[in-house]
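Here are the chains, one letter per residue:
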Amino acid sequence: MRKKQAGTVRRVLQAIRRYRFSVVLSILFAAASVVLTLYAPILTGRAVDQILGPGRVDFEALKKIIFEFLIVVAATAIAQWIMNILNNRIAYRVVQDVRCEAFSHLARLPVGYIDAHGHGDIVSRIVTDIDQFSDGLLMGFSQLFTGVVTIFGTLFFMLFTNWQITVVVVVITPLSLFVAKFIAKHTYEMAKLQSETRGELTSFVNEMIGSQKIVKAFGHEAENIETFCEINDRLAEHSLRATFYSSLTNPSTRFVNGLVYAGVGIAGAIAAIHGMLTVGQLTMFLSYANQYTKPFNEISGVITELQTALASAARVFALIDEPEMKAEPENMPALTETDGRVDIEDVAFSYTPDQNLITDLNLHVEPGQRVAIVGPTGCGKSTIINLLMRFYDADSGDIRVSGHSIYEITRHSLREHYGMVLQETWLKSGTIRENIAYGKPDASEEEIVRAAKEAHAHSFIKRMPKGYDTELAEDGGNLSGGQKQLLCIARVMLSLPPMLILDEATSSIDTRTEIRIQRAFTKMMQGRTSFIVAHRLSTIREADVILVMKDGHIIEQGTHQSLLAKNGFYAELYNSQFELS
Amino acid sequence: MTMKRLLVYLSAYKKESILAPLFKMLEASFELLVPLVMADIIDVGVAGRDQGYVLLMGAVLVLLGVVGLVSSVTAQYYAAKAATGFGRRLRQDLFVHINAFSYTEIDRIGTPTLLTRITSDVNLVQNGVNMVLRLFLRSPFIVFGSMIMAFTVDGKAALIFVAVIPLLSAVVFGIMLITMPYYSKAQKQLDGILRRVRENLTGVRVIRAFNRQQDEIAEFTDCVKELRHTQSFVGKISALLNPLTCVLINLGLVAVLWIGGDQVNTGRLQQGEVVALVNYMSQILVELVKLANLIILLTRSMACAKRIAAVLETEPSMTEGNGNFSGGPRAPRVIMEDVSFTYAGAGDAALEHISFRAGRRETVGVIGGTGSGKTTLVNLIARFYDATEGGVLIDGMDVKRYPFARLREKVGVVPQKAVLFSGTIRENMQWGKADATDEEIGAALAAAQAKEIVEGKEDGLDTRILQGGRNLSGGQRQRLTIARALVKKPEILILDDSASALDFATDARLRRAIRDLGWDTTVFLVSQRISTVRNADRILVMDDGRLVGDGTHEELYETCQVYREICLSQMDQKEVSAS
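Protein chains in written order, with my numbering: chain A, 1 to 581; chain B, 1001 to 1579.
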């Protein structure tokens, strides 16, 4: 654990290394501003000592002190300002560096990592955690530093003036620490309880309001309200305690401060009576007493903050340290030309090592052939896509395109030769034009319109308020499922590579759009090797090869007629759809 | 108006809401006395060399501290109690209110919005109430109290306070006002970054397929840089806050010392009183900064409060009926008479002049393209929405006259999206019928082709389903939601495209089982697949909100153009006419 934290700290130091000059400057200015801040009360005290009574005011000396005081104030302000600016600069730049590094790393991570990890989790690492770590760590560090300097500086100035009173202060101080610790402990426990209950409530509300329509359909409102009230009452109780305990910090601090103040006041006044202290020095002590406990409370706060920050940093660096895909050697050849011939030989693959998914997969596709992949959900249809596109690498066996093993050419060039339309239509937030030109950013206007026309998307795009310049919401939120699909087809249509991977949509597309999509598909497939995860009978029947998959195996392979004649799993599938009863 | 709406929830805590700020003011008053006591210690105790007086006044200081602590803790307790009580009642009312919403309101406001309202918005408002009760009186009280106390010490010196306080406020609030819009700009930019990361995760395959990784990284870097620029800019402004206020306060101190010196010289002031003035000056700053933070928090809570009030002010558009007439057994089960329906806020009607009748034990297929109005049609039967025109009758009585509970009992719905809730399979099955026995559940599971799912689990019906049914496949979830609707043996069963994730064979077995249910049921089968509806007793063909066909497969194939088109897009002619 400790070792892990040390590792994280080392990574953090590496991240701020580029700004070490700023860090050193910041520390210097912080020290300067603290010392100057502490020096000011001494001058105030001296000034008070020049104001003794009627006719006993030394205006000449007062003027000098005030002049010095003004210089100190100006210097403090400048030092504080420079320190603030430097701290901001370091914090924001580190955030930028780490964020960009984390994001670029995403592009080098295997798809498997992204599939296996919650997107919300990755997003929060790149967005929230990085902020937290930079804020907490850098601000925390600067607070910790100024806090410590303040404590020692105060002690030094006090000792320098009068050691007896300093002892009074030092004796009362532990009380503050004790109180702070007591409160912090209770606050922590209560806050934990509160956030647990809050989490419980949020998850209940998420589930129920998230599916409110179903709740209504089953008339389940009363039961839900009952459960909600039960959790809500518990939450109110826990929040009351958490809020109350945490709100004790300020009054208690003020109280301890008050005690220190009273202690200094009494001891100082008595010392003054005996001539060991001037009234001005007493003023100085009083103003120290007012601020003295503050850094202690801050430091205890900072330590928890530093710990959260370190935990966040650890999460960020864990993401950055995830092993990347195997780098491709410099001289890795590119696939320059292909006739569309694909051979899959003895391929075995599984997502988890202890569970075989695909074993002994063999398939030979001639140039221009259409391969339909059919089978029940979860049988491994999309796995074939993953392997062909090298989103995942096979555990053993080989896949060859025009005789070249796909593991011996660059991923970039392999993917260039494939056009892909997936069932989950993904569009980027941006204009329709940008989305169609996604695979060919330098495409001309005519090319884009032609592709849209060929994908039968032109007519609906034209009807959009701003035509091709219409901004799409995240993931094409303002389009229907069918329209999104057509845009995805147009996107591929623009570059139209020699091999295609198509995943037919199962539902939520109306008949007319469906006919259009099919026409677009047919147009695309002309003369191209295509792999189709098929749901429509017409597609299946027109395929040159049908792969029937079940539980990760190709259990049957052939044409529609030959498979029907075989009267196996395919025949059963086929008949069940069209049986007459 | 907004505030009034929410203040109601505080009314049960009137005592607490008054006592909390009062005790806070009490604490502040004691705090304001401290410098005066100290001045006396110096001017009477030290000047008069009276050790007894010093000790006495010292004791007074400690006493002031103790009394201050007690009143402050009391105030904190009352504030916490009022605020959390307020939060509890508000949250509860909001939840009850949302539960009364019909589909129309849920569509209009949107689920994500409702969720943030009831969680983080309520929390922020609760926090705001708490802070207002604690600080809103205290901070101004200390700031102006210091000034008034200064006047009691010396009128001329107090004028410095009159000058410094507005200047300090101008700096503190000015910087706050200038920076606030930039902070919200930065927040927006951060949201943009979040969106990009999410987009790159969901689109990882497409991005890699098109080899666009480097461009995405470049775009992302630009966004991050923009954010940094905004942050740096606003950081530079807020970096001024500390130095400027520090300069102002210290200039005030210099003035106090100089004028104080003059007053002491002429005998109008004593040394200790100058010290008191110095102390009052330094008290102001801390409280002003607190006040500024409080105002930031307050503006945020106000915005949340407004959003919550908007939800509370939305009245459910549907009222419950109280009819108890049950039509004779001869009334058709479902009648739609010239029904038209327009979604709230939409321009065009979603359904236009629909009329049909469905008898007991009839299986009715509903087919048509997306957006043709299939789901809307069946939603009107369950009265999730009210028809804009025309009437929907169940067993001869208008659905608007049914109490909700009766209606839900009669109609079982399996929605498109297969949603299960966290809890055991049994608990999920009992949603339709709270006292359903294991036998009843078993029968429903069998009919829904879901028996094997339960049998495959070690814990059977006690198997826990994770939130959203994450531990089940899409097909399994669909079959379980069908079973859930069957448990209550509804007289009308609506399957809204709810077999899309099932393979052909299972789908066929399911349809057969539903046809042979052991009780009188009118089944509505909504689907895009011809194969699902073709064997129904009759089929309703929807196109663009209109009913364009009503008949059997054979009839429609001959007479209905739209139906024919759908058929042809899904299978070839030979098969279609093979029946």
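Hints were generated in silico from the structure; no laboratory data involved.
Worth double-checking, as some hints may not be accurate.
[Said to hold, decoys possible] When the alpha-carbon atoms are kept at most 25 Å apart in a straight line, the in silico DSS-like pairs for lysine-lysine are as follows:
{"no.": "1", "chain 1": "A", "residue 1": "Lys213", "chain 2": "B", "residue 2": "Lys1410"}
{"no.": "2", "chain 1": "B", "residue 1": "Lys1290", "chain 2": "A", "residue 2": "Lys181"}
{"no.": "3", "chain 1": "B", "residue 1": "Lys1451", "chain 2": "A", "residue 2": "Lys550"}
{"no.": "4", "chain 1": "A", "residue 1": "Lys381", "chain 2": "B", "residue 2": "Lys1417"}
{"no.": "5", "chain 1": "A", "residue 1": "Lys63", "chain 2": "B", "residue 2": "Lys1290"}
{"no.": "6", "chain 1": "B", "residue 1": "Lys1225", "chain 2": "B", "residue 2": "Lys1188"}
{"no.": "7", "chain 1": "B", "residue 1": "Lys1417", "chain 2": "A", "residue 2": "Lys213"}
{"no.": "8", "chain 1": "A", "residue 1": "Lys213", "chain 2": "B", "residue 2": "Lys1400"}
[What the hints assert, rightly or not] Some chain A residues judged to face chain B by a derived CB distance under 10 Å, without partners named:
{"no.": "9", "residue": "Ile78"}
{"no.": "10", "residue": "His119"}
{"no.": "11", "residue": "Ile151"}
{"no.": "12", "residue": "Phe160"}
{"no.": "13", "residue": "Arg241"}
{"no.": "14", "residue": "Ala242"}
{"no.": "15", "residue": "Thr243"}
{"no.": "16", "residue": "Ala269"}
{"no.": "17", "residue": "Leu357"}
{"no.": "18", "residue": "Ile385"}
{"no.": "19", "residue": "Glu416"}
{"no.": "20", "residue": "Tyr418"}
{"no.": "21", "residue": "Asn575"}
[Claimed, not checked] Each pair of labels, with its calculated beta carbon distance range:
{"no.": "22", "chain 1": "A", "residue 1": "Lys64", "chain 2": "B", "residue 2": "Val1067", "range": "16 to 22 Å"}
{"no.": "23", "chain 1": "B", "residue 1": "Leu1063", "chain 2": "A", "residue 2": "Ser195", "range": "35 to 41 Å"}
{"no.": "24", "chain 1": "B", "residue 1": "Asp1348", "chain 2": "A", "residue 2": "Glu542", "range": "33 to 39 Å"}
Every value quoted in this text rests on a predicted model; they were computed, and no experiment measured them.
No residue lacks a Cβ here, since even glycine has one placed at the ideal position from N, Cα and C.
Hint check against the structure, violated hint numbers in rising order: 5, 11, 12, 17, 22
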